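K.L.:
Just so we're aligned: 270 in the numbering used here is position 270 of the sequence shown, and the numbers increase by one with no gaps anywhere.
If you're looking for bench data, these hints aren't it; they were derived computationally from the structure.
Predicted model only: the values in this text are computed from it and were never measured.
Note that CB positions come from ideal geometry on N, CA and C, so glycine has one too.
There's no promise every hint is true.
What the hints assert, rightly or not - Okay, the calculated beta carbon distance ranges per label pair:
(1) 148 - 85: 47 to 57 Å
(2) 154 - 88: 34 to 44 Å
(3) 126 - 87: 13 to 23 Å
(4) 87 - 121: 13 to 23 Å
(5) 86 - 183: 29 to 39 Å
(6) 126 - 245: 18 to 28 Å
(7) 164 - 190: 44 to 54 Å
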Amino acid sequence: MGGRGDGSGRGAGLRAIQARPRRHALAFIPPLDLALALGMLLGLGCLFTPRPALAGAWTLPAGGGQVIVQTTVATSNQEFGPSSDLLSSRPYDKAEVDLVFEYGATDWLTLIAAPQFLAVRLGEPGSASYAGPGYTSLGARVRLYESETFVLSAQAVARISGTGNSQSAAAVGYEDGELDLRVLAGLSFTLFGKPAYLDLQAAQRQRSGPPPDEFHLDATLGVRVAERWQVLAQSFNVVSEGAGEGPYFGASYEYYKLQLGAAYDWTPALTLQLSVVGTYFARNAPQENGLVLSAQYRF
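Based on the sequences and whatever the hints tell you, model everything.
P.N.:
Now the structure itself:
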């Protein structure tokens with residue numbers, strides 16, 4: 001069960017990424033429970049005055065912000081073993097709904113808050129389930145440098161567990177606090193005559209309790225292929241820093257996920273995204289496949 005509950009492998013709840021202002025790019029988010037996703041999307045509503053915004057390595061303008069609904073559903077019945085061989089394993093299904101708020105306190109400082117709902121169901125042997133609060137993330141992103149085509153930022157986010165002492169095996173990996181320290185770089189350019197951007201993020205994930213600390217490396221390539229459409233290719237990579245403690249984290253692990261999708265600007269303020277995500281290589285970690293649906297409203 002190495003790496004469960006890392007909150008990354010998808011875009012990670014706090015990583016809605018856009019190209020540049022006035023391009024109305026998109027949010028990124030992972031696998032989904034369709035019923036939960038549709039309900040959250042319908043609840044987003046027209047609450048704010050439209051205004052272009054950025055995210056990812058870019059900070060938001062002072063007084064500007066965005067609300068992101070991110071729904072993720074993943075499933076697995078196989079795992080990569082110690083030698084990265086693919087083996088049958090205990091099946092599980094996972095759904096996460098993240099509600100992300102980002103607000104530009106100044107042009108160089110963006111504040112972040114993101115509560116999460118989590119549902120996990122484990123199959124036999126010893127079936128178990130958990131449904132309730134997941135992580136609540138609180139933090140900020142600071143712009144360190146910006147030019148016309150490049151931006152460099154630093155981000156610190158505390159992830160507070162909401163599962164408590166649930167006594168359910170389905171909550172393993174989500175029960176302990178975490179601190180995510182991240183460096184982000186964004187580059188805007190032209191690819192085959194189309195506006196494009198590359199977002200790179202390297203993070204140190206400090207985890208308390210039995211799970212080991214982790215190194216994260218995420219990359220996103222977005223290309224605006226039409227006035228309202230973007231195509232996205234994302235890579236999410238996690239390597240544990242040694243082994244942790246207990247039966248679930250007694251071995252080191254690593255996993256690498258690829259996410260492909262598209263985003264559509266429904267209005268100048270609202271962008272919808274649909275993606276598929278899967279683990280293509282790992283060690284001591286599940287082989288997950290999922291669907292990602294997100295909505296980003298800028299104000």
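K.L.:
Look at the Cβ atoms of residue 154 and residue 88 and judge whether their distance stays inside 34 to 44 Å.
P.N.:
holds (42 Å)
K.L.:
Is the gap between the beta carbons of residue 126 and residue 245 within 18 to 28 Å?
P.N.:
holds (21 Å)
K.L.:
Residue 164 and residue 190, beta-carbon distance inside 44 to 54 Å?
P.N.:
The hinted range 44 to 54 Å holds for residue 164 and residue 190, with Cβ atoms some 50 Å apart.
K.L.:
Is 47 to 57 Å respected by the C-beta to C-beta distance linking residue 148 and residue 85?
P.N.:
holds (48 Å)
K.L.:
Quick check: does the Cβ-Cβ distance between residue 87 and residue 121 fall within 13 to 23 Å?
P.N.:
holds (21 Å)
K.L.:
Tell me if the beta carbons of residue 86 and residue 183 are separated by a distance inside 29 to 39 Å.
P.N.:
Since residue 86 and residue 183 have Cβ atoms about 33 Å apart, the given range 29 to 39 Å holds.
K.L.:
Honestly, do residue 126 and residue 87 meet the 13 to 23 Å range at C-beta?
P.N.:
holds (18 Å)
Against the hints set out earlier in the document, no violation occurs for any number.
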